[in-house]
Structures are given as C-alpha cells and as structure tokens.
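A.B. asks: The lines below spell out each chain.
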Amino acid sequence: MNPRPLSPHLGVYKFMYTMALSILHRITGVAASVGFLAFAWWLMALASGPESYASAMRCLSSPLAKLLLVGFTFSFVFHFCNGIRHLVWDTGRGLERAQARRSGAVVVVAALGITVLVIWLGCAALARGAP
Amino acid sequence: MSLRTPLGKVLGRGSAGEGVGHWWVQRVTAVALVPLTLWFAVSLLGLPLQSHAAVSQWLGRPWVAVFTILLAVTLSWHSWLGVQVVVEDYVHGKGAKTTLLLLSTFLHFAAAVAAVFAILLLALSPA
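Protein chains in written order, with our numbering: chain S, 1 to 131; chain L, 1 to 127.
It is possible that some hints are incorrect.
[Stated by the list, open to error] Per the computed footprint, the stretches of chain S lying under chain L, defined by three or more beta-carbons under 8 angstroms from a beta-carbon of chain L, are:
{"#": "1", "stretch": "22-30"}
{"#": "2", "stretch": "39-46"}
{"#": "3", "stretch": "49-58"}
{"#": "4", "stretch": "84-94"}
{"#": "5", "stretch": "113-122"}
{"#": "6", "stretch": "125-131"}
Since the hints were made in silico from the structure, they are not lab data. Quick caveat: nothing in here was measured; it's all calculated off a predicted structure. A virtual CB, placed ideally from N, CA and C, is assigned to each residue, including glycine.
Isolated chain S, as found in the complex (with noise of 0.2 angstroms):
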C-alpha cells in the first residue's frame, strides 16, 4: 500500500504561537499523565505506612525528582487553563482569531503564574510535619 499522508499535516502551517499553544496542550498533556502515574505510587506509599511514606518524601527531595515536581506542576497548571480554553470553545465561543490570540496570552500569564504560587505554597506544605 502506498504511504498515505495523515492527518495532521505538521508541516503545512505557518508558524503562530497559538499554534504552539495547541501543541504544547498535548506535551503538557502526556507530562501530566506521567505526574498521574507518580500520584498513584506516592498514593500507595502513604497507605503502606509511615516508613514508606517517609522514603517517597525522601525520594521526591532529591534534586531530580524536585526538577520533575516542577515540571509536572507546570504541564498541570497549563492543561488546566488551556483546558477551560478549549471547553470554552466546545461552546462555540472565542474561536475568532483575535479572540483565540487573546485568550492564549491570558492562559500563558495565568498557568505562570499559577505555577509559582503552587510551587510557593507547595515549598511550605513540604517542609512542614517533620517527623
């Protein structure tokens, strides 16, 4: 069989930050799924009691894993609020162009700034409760 093209067509678009918008939805997507994954495995080391527990926490202080927490917090945040973006279009709204330019740049200094407050509150939740 002939190789057909495929939708989508990557290569046929000129380049516009909505654009990266939309693709960085679908990376901050697949990141997010893997965050999901290490929520389980932190879900089950708590219910396998205190030392366990207390070895994840370990785990996720090393500088990779905190890297990683961030990078998860971010891809998070993001997919949530271009995720409100995308339902709000589902309704047939913003999908004009200037719209859709307007509420990218929004969804961009929102999830930012999101970020760092979770990442703030996230740094003091963390250090309290010591054993």
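Following the hints, put chain L in place on chain S, whose structure we already have.
C.D. replies: Chain L only, in chain S's frame:
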C-alpha cells in the same frame, strides 16, 4: 449515493466504527476534573505533607476518600483517552503504535487501581 448503512447513520458512526463517544467522554471528564483537581490541590497544599499521620488521616476521611477516588478514576480515564489520541496521531508504525497503546492502557488501569486501593486502605483501616 451514500455508502453508510441506515443503522450506522442512526448510531452516528463514522468510518472508525464508533461515534462521538471518545470526544464526548474526554469533555465530560475534563469538566469533572476542574472542581476535583482544584479542591484536591488546595487541600493538599494546606496539609503538613511530611507528616504521615496528618496526610493519611485526612485522606481516610469518608468524603475526602470518596472525592479522591473520583479524582483518581476521572484523571486516569481522561489521561488514557488523551494519550491514545496523541499516540494515534504521531506514531504511524503499526507495531510501535499497538505496543504504545497497550502499554498506556495497562499503566493507566494499574495506576487507577493502585490509587483507589490505596485510598480504600487508608479509609477502611482502623485508625
């Protein structure tokens, strides 16, 4: 002349053999996840996270357990559908595509069952 069968038209089915079910469930789970994740994140950030006793006590409370189970199942479902779409769009080799879809399905089900089981353990164990 349409090649679609009358039954196929009534069921809203296209060439993929399924209707808008996938698209629709992706939206329904997205809507549900907005309040669920907001509630969970805000609650979690208010807890002393290093304290096993405090976190497990909170998660074991009946309504907290119920809504965290709803969160885990909805999150896993939404994530499973999303990863499926990404794999189907960008991985074109038949073997690689099937392998990745199987792997994603297994991981999502395993993670969902693990999360639900962990929450049940916390909620049902005698404090």
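A.B. asks: Are three or more residues of the stretch 22-30 of chain S within 8 angstroms, CB to CB, of chain L?
C.D. replies: Contact hint for the stretch 22-30 of chain S vs chain L: holds, 3 residues under 8 angstroms.
A.B. asks: Residue count check for the stretch 49-58 of chain S against chain L: does it reach three with CB-CB under 8 angstroms?
C.D. replies: n = 5 at 8 angstroms, threshold three: holds.
A.B. asks: At a Cβ distance under 8 angstroms, does chain L reach at least three residues of the stretch 125-131 of chain S?
C.D. replies: Answer holds; 7 residues pass the 8 angstroms Cβ test.
A.B. asks: Against chain L, does the stretch 113-122 of chain S show at least 3 residues with beta-carbon separation below 8 angstroms?
C.D. replies: Satisfied; 3 residues make the cut.
A.B. asks: Okay, the stretch 84-94 of chain S and chain L, do three or more residues pass the C-beta test at under 8 angstroms?
C.D. replies: holds (count 4)
A.B. asks: Would you check chain L against the stretch 39-46 of chain S, counting CB to CB pairs closer than 8 angstroms, and say if three or more residues qualify?
C.D. replies: Contact hint for the stretch 39-46 of chain S vs chain L: holds, 6 residues under 8 angstroms.
Figure legend: structure checked against the earlier numbered hints; every hint is met.
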